[in-house]
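Trainee: Sequence:
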Amino acid sequence: MIDIVALSKEKGSSYTTHSSTVTLDSASILKIPVSREDIKSFSRVNNDLIIELNDNEKVTIKNFFTVGPNGQHSDLVIEDPHDGALWWLENPGTDAAKYTSVNSLAEVGSEAIANEHIGAWAIAGAALLGIGAMLLGSSLHGHSESHDSESGTGSTGNNGVDSETKDSTAPAAPTDIVVSDNGLTVTGKGEAGSTVAIKDADGNSLGSTTVGSDGTFSVTLPTAQANGQTLTVTATDVAGNTSATAIITAPDTTAPAEPSGVQLSDDGKTISGKGEAGSTVAIKDADGNTLGSATVGSDGTFSVTLPAAQANGQTLTVTATDAVGNTSAAATITAPDTTAPAEPSGVQLSDDG
Numbered sequence: 001m002i003d004i005v006a007l008s009k010e011k012g013s014s015y016t017t018h019s020s021t022v023t024l025d026s027a028s029i030l031k032i033p034v035s036r037e038d039i040k041s042f043s044r045v046n047n048d049l050i051i052e053l054n055d056n057e058k059v060t061i062k063n064f065f066t067v068g069p070n071g072q073h074s075d076l077v078i079e080d081p082h083d084g085a086l087w088w089l090e091n092p093g094t095d096a097a098k099y100t101s102v103n104s105l106a107e108v109g110s111e112a113i114a115n116e117h118i119g120a121w122a123i124a125g126a127a128l129l130g131i132g133a134m135l136l137g138s139s140l141h142g143h144s145e146s147h148d149s150e151s152g153t154g155s156t157g158n159n160g161v162d163s164e165t166k167d168s169t170a171p172a173a174p175t176d177i178v179v180s181d182n183g184l185t186v187t188g189k190g191e192a193g194s195t196v197a198i199k200d201a202d203g204n205s206l207g208s209t210t211v212g213s214d215g216t217f218s219v220t221l222p223t224a225q226a227n228g229q230t231l232t233v234t235a236t237d238v239a240g241n242t243s244a245t246a247i248i249t250a251p252d253t254t255a256p257a258e259p260s261g262v263q264l265s266d267d268g269k270t271i272s273g274k275g276e277a278g279s280t281v282a283i284k285d286a287d288g289n290t291l292g293s294a295t296v297g298s299d300g301t302f303s304v305t306l307p308a309a310q311a312n313g314q315t316l317t318v319t320a321t322d323a324v325g326n327t328s329a330a331a332t333i334t335a336p337d338t339t340a341p342a343e344p345s346g347v348q349l350s351d352d353g
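Just so you know, we're using our numbering here: the sequence shown kicks off at 1 and counts up by one.
You may find that some hints are simply not true.
[Unchecked claim] Okay, derived cross-link-like pairs now, DSS-like style, lysine-lysine, Cα gap no bigger than 30 Å in a straight line:
no. : residue 1 : residue 2
1   : Lys40     : Lys58
2   : Lys199    : Lys189
3   : Lys199    : Lys269
4   : Lys62     : Lys11
[Claimed, not checked] Pair ranges (Cβ atoms, derived):
no. : residue 1 : residue 2 : range
5   : Gly300    : Pro336    : 20 to 28 Å
6   : Ala286    : Ala257    : 45 to 53 Å
7   : Gln263    : Ala172    : 52 to 60 Å
8   : Gly240    : Asp80     : 15 to 23 Å
9   : Ser13     : Ser43     : 25 to 33 Å
10  : Ser205    : Gly84     : 48 to 56 Å
11  : Thr242    : Asp83     : 22 to 30 Å
12  : Ala201    : Gly300    : 16 to 24 Å
13  : Ala257    : Asn204    : 52 to 60 Å
Hints are computed from structural coordinates only; laboratory data are not their basis.
C-beta: ideal position from N, C-alpha, C; glycine also.
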């Protein structure tokens, strides 16, 4: 478990918990001591934020997405345990999630910091969050004052934020992308720390994750993509720059539906019906001999002319096979029996009549 520090924006109180579950009773700023590369994924479940780490530890922040009575919302800051760098994660659990480098939490929670009812006892808690004396800079409250923090130093109108050169270079497009055979997982390579997003052809989000320090990622999809769907994959870095789109086609392991509406003409020479557009329909007799085939049209219909009339009650099977070889279940049809029996032969009348 990791130590999580929370500073309430509404109450000004702060606390540290050594637990995998934190329950918020008001909008808060939270600081979690993990590196970005250690985070596997973020997700939203109702109003809770779920953070899954690469070591399979899961952190749940309950009520994270609950908005306070004055419109306050909670914020999450990641503190790198190696170099102490602070990263503000904006819009966690969404496709718009991105990291922003900050020098202090004054850049994240100015509303809470400037709130007049936060006393010195809250500043001590805030110091745990790495912001020290910068909490009470005049740029946050509109006037210049000098205040002492725990360290005995003061600030006079400067929030301590240094100007930084904006990163405007987008990551390279993700590579080596593979959709698993069952269509439930997308893996690949990308820029470490960037957020990879998977979308379908209509632009709907199917999942996202953070690329690990080894440059690899794995995204579990909510539903199997196993029917040749086209998926797009992008990487967005901490500055919000998005890569070019990589495109991958999911494997097609889904068989077409069984042909329907199958009918045999009165003369037994033509079979028609409906099936998956582009699939190949095959007609076979009871012994498995192929009697004919055709490609289903774009309107989903087919018609097959048979080499000989099937008009004596024969049993026929009809299947559809798609372009990659997946074959449907067989539809069965019985030919009409319109063939009269042969003329009786060898007819004799007995001697006694």
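Trainee: Decide, hint by hint, whether the structure agrees.
Mentor: Hints, verified against the model:
1. For the given pair, Lys40 sits about 10 Å from Lys58 by alpha-carbon distance, which is consistent with the 30 Å threshold.
2. A hinted pair counts as satisfied when its Cα atoms are at most 30 Å apart, and Lys199 with Lys189 qualifies at roughly 17 Å.
3. For the hint pairing Lys199 with Lys269, the CA-to-CA distance comes to about 47 Å; that exceeds 30 Å, so the pair is violated.
4. A C-alpha spacing of about 18 Å is found between Lys62 and Lys11, which places the hinted pair at or below 30 Å, so the restraint holds.
5. The beta-carbon spacing between Gly300 and Pro336, approximately 25 Å, falls within the hinted interval of 20 to 28 Å.
6. One distance hint, 45 to 53 Å for the beta-carbon pair Ala286 and Ala257, is violated here, with the actual separation near 23 Å.
7. Checked against the hint of 52 to 60 Å, the C-beta distance between Gln263 and Ala172 comes to roughly 55 Å, which is consistent with it.
8. At roughly 19 Å, the beta carbons of Gly240 and Asp80 sit within the given window of 15 to 23 Å.
9. In this structure the supplied range 25 to 33 Å holds for Ser13 paired with Ser43, their Cβ-Cβ distance being about 28 Å.
10. Checked against the hint of 48 to 56 Å, the pair Ser205 and Gly84 fails, with Cβ atoms roughly 33 Å apart.
11. Taking 22 to 30 Å as the suggested C-beta distance range, the pair Thr242 and Asp83 conforms, at roughly 26 Å.
12. Ala201 and Gly300 have their C-beta atoms about 20 Å apart, which keeps the hinted 16 to 24 Å range intact.
13. For the pair Ala257 and Asn204, the supplied restraint of 52 to 60 Å is violated, since their beta-carbon distance comes to about 24 Å.
Checked against the numbered hints above, the structure violates hints 3, 6, 10, 13; every other hint is satisfied.
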